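Chemist: The numbering used here puts the first residue of the sequence shown at 2, with every later residue one more than the last.
Just so you know, these hints were derived from the structure itself, not from any lab. Careful: at least some of the hints might be erroneous.
Said to hold, decoys possible - Using 30 Å as the maximum straight-line C-alpha spacing, the simulated DSBU-like pairs for lysine-lysine come out as follows:
| id | residue 1 | residue 2 |
| --- | --- | --- |
| 1 | K51 | K68 |
| 2 | K9 | K51 |
| 3 | K24 | K46 |
This one's a predicted model, so the numbers in the text were calculated from it and none came from an experiment.
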Amino acid sequence: MRHLKMHKLFLCLQCGKTFTQKKNLNRHIRGHMGIRPFQCSVCLKTFTAKSTLQDHLNIHSGDRPYKCNCCDMDFKHKSALKKHLSSVHARAGGDKSNLDAITKITIDYD
């Protein structure tokens with residue numbers, strides 16, 4: 002039997018989009034308001050979230066921190082890794098339920 006977890010949804014009153022975390026709703030609302038407080042020091046592009054800026058910085062640094070556990074490919078962005086996994090390594094029949102497990106960081110339990 003699968004465990005279903007109920008999430009409180011946070012609603013954007015402007016566009017109707019819902020979020021399971023309030024911080025993601027707040028970031029989304031900043032986008033509607035044009036508030037982009039995080040700026041790239043290299044190209045001056047601005048972002049609504051610090052995490053998005055950090056991901057963007059990989060473009061300038063050349064870092065490719067997202068590694069595929071199935072082959073030797075690596076990527077600058079997590080979204081590119083997820084697309085690669087679903088198009089190249091998805092199980093037959095289009096079942097992509099294993100993708101989240103593949104992208105998680107391995108933790109060493111000493």
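Chemist: Each of the hints needs a verdict: does it hold here or not?
Modeler: Here's how the hints hold up against the structure:
1. K51 - K68: Distance of about 22 Å is within 30 Å: holds.
2. K9 - K51: 24 Å, holds
3. K24 - K46: 22 Å, holds
The structure is consistent with each of the numbered hints, conforming to all of them.
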